Each structure stands twice: as C-alpha cells, then as structure tokens.
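J.: Residue numbers (numbering that gives the first Met the number 0), protein chains in the order written: chain A, 0 to 55; chain B, 0 to 129.
A portion of the hints provided could be inaccurate.
Here are some of the chain A residues that sit facing chain B, going by a computed Cβ distance under 10 Å [unchecked claim]:
#, residue
1, N3
2, S4
3, L9
4, E25
5, R36
6, L40
7, R53
Below 27 Å or equal to it, Euclidean Cα-Cα: the simulated DSS-like pairs (lysine-lysine) are [what the hints assert, rightly or not]:
#, chain 1, residue 1, chain 2, residue 2
8, A, K38, B, K66
9, A, K37, B, K126
10, A, K32, B, K84
11, A, K49, B, K106
12, A, K26, B, K66
13, A, K38, B, K125
Simulated from the structure, these hints should not be mistaken for lab results. Source: prediction; values computed, not measured. Every residue gets a Cβ at the ideal spot worked out from N, C-alpha and C, and that includes glycine.
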Amino acid sequence: METNSILDYLDNNNIVYILDENPTEEKISRIQKAIERKKTLMELAISTYKQVMRIA
Amino acid sequence: MIVATRENIYGIDVFTFYDSNRNPFQLTFEESLNGKYIEVSLVHLLGSNDSKYCSEIRKAVSSFILKYLIEKRRTIYFDIAINDKRGLLLSIKFIRWLTSAKEIEYKIEVTKLNGIEYIEFFIELKKTTI
Numbered sequence: 000m001e002t003n004s005i006l007d008y009l010d011n012n013n014i015v016y017i018l019d020e021n022p023t024e025e026k027i028s029r030i031q032k033a034i035e036r037k038k039t040l041m042e043l044a045i046s047t048y049k050q051v052m053r054i055a
Numbered sequence: 000m001i002v003a004t005r006e007n008i009y010g011i012d013v014f015t016f017y018d019s020n021r022n023p024f025q026l027t028f029e030e031s032l033n034g035k036y037i038e039v040s041l042v043h044l045l046g047s048n049d050s051k052y053c054s055e056i057r058k059a060v061s062s063f064i065l066k067y068l069i070e071k072r073r074t075i076y077f078d079i080a081i082n083d084k085r086g087l088l089l090s091i092k093f094i095r096w097l098t099s100a101k102e103i104e105y106k107i108e109v110t111k112l113n114g115i116e117y118i119e120f121f122i123e124l125k126k127t128t129i
C-alpha cells in the first residue's frame, strides 16, 4: 500500500504522535523561520566545502 | 566501518565522514535558538538532495547520534518539512530507526501547514541507558 502522508504511516504502524492541525501564527512563524534557516545553513556548508575542495 | 572527524566550529559540533563511494557528509549538532535542545542536521556536502542514503550511512549516523546522546545527556531535535516524496521517505526511514533503537525514547509532533506536513522529533536517552 502506498503511503502519501506521514500520518498514514504513523497510524498504520501504531506510532504515537501529536498532531497540530491549527498551528498558531507564532508557531507558523517559528516553523517558517526554521525551514529557511536550515536551508541557508545547508547551502553554506555545501558552498564552504566546495570552496575548500575547489569543486566548481 | 565509517569513521568521522570531529570539530567544534563556532560552538557547533561537526562530524565529517565519507561513504564508500567517497561522498562527503557532515552531521552537525547545534544548540537550538531557545536553548531547550540540540538540533541535528545531516548534509550531503556535494549538494545531493537524494534521500536514498545507503544503509552504511544510516548505521553510521545512528551510531554518531547515540554516542552524542550518551555524551551530552540532552534532548536531540530533528525536523523535516515534508513537501515531496523524498521528504516522506526520509521521515519514514528516520522513524524506523527511532522505533527500533532500544536505547532511546522519542516524541513526534506533526504540524499541518500550508499544504505540507512538518514533522519534529525529540529524542532522549532512556533513563535506563548507561
């Protein structure tokens, strides 16, 4: 059976989780900042490594 | 067996290692902004976005995280914004590891947000783990 949602996978495997379907504005802002921050840090790590290793 | 070099760069613990195909990876442990836990991230340093990390990488990463938990005795935090199939598969792989690891306990929180599922993992050593 194909899983299209992580919730399906968690439910099908009886894994306990907390679900938030109505996040507050504050939480939405926190998550959006975290996603952007992670993306920036990953790009920085990759570009630094490529510069050090002289990879185009 | 994969061996990592460890450095502390501006307060971030960085483990650098290579798979058997000489692909470079970095596993980083960084204090969260709110100071409540340590955020872990895995980066493929050549920029591949492929979630099909081979089993040797999964074993190595699991081992590094477990050793770090034992050393620090803190909550480790990991998040994934699931907006495509790769994110979903990566999440499932991570959950499989979490549920099979006997030494840890975890909490999972899923937030529905703008059409994506944002999943957060909070991982701690079990009190019984030495």
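J.: Hint by hint, note whether the structure agrees.
T.: Quick rundown of the hints versus the structure:
1. Interface hint at N3 of chain A: satisfied, since its Cβ lies 8 Å from the closest Cβ of chain B, which is below the 10 Å cut-off.
2. For S4 of chain A, the suggested interface contact is upheld, since its CB lies about 7 Å from the closest CB of chain B, less than 10 Å.
3. The criterion of a C-beta within 10 Å of any C-beta in chain B is met by L9 of chain A, whose closest approach is roughly 7 Å, and the hint holds.
4. Interface hint status for E25 of chain A: violated, as the beta-carbon distance to the closest one in chain B is roughly 12 Å, over 10 Å.
5. For R36 of chain A, the shortest C-beta to C-beta distance to chain B is roughly 8 Å, which falls under 10 Å, so the interface hint holds.
6. For L40 of chain A, the interface hint holds, the least distance from its beta-carbon to any beta-carbon of chain B being 7 Å, beneath 10 Å.
7. For R53 of chain A, the interface hint is violated, the least distance from its beta-carbon to any beta-carbon of chain B being 13 Å, above 10 Å.
8. Between K38 of chain A and K66 of chain B, the direct Cα distance comes to roughly 26 Å. Compliance with the 27 Å bound is thereby established for this hinted pair.
9. Under the criterion of a C-alpha separation no larger than 27 Å, the hint pairing K37 of chain A with K126 of chain B is inconsistent with the structure, at around 30 Å.
10. Among the hinted pairs, K32 of chain A with K84 of chain B is consistent with the structure: their alpha-carbon atoms are about 22 Å apart, no more than 27 Å.
11. A hinted pair counts as satisfied when its Cα atoms are at most 27 Å apart, and K49 of chain A with K106 of chain B does not qualify at roughly 36 Å.
12. For a cut-off of 27 Å, the pair hint linking K26 of chain A to K66 of chain B is broken: about 31 Å separates their Cα positions.
13. For the given pair, K38 of chain A sits about 31 Å from K125 of chain B by alpha-carbon distance, which is inconsistent with the 27 Å threshold.
Violated hints, listed in ascending order, are 4, 7, 9, 11, 12 and 13; each of the other numbered hints is respected by the structure.
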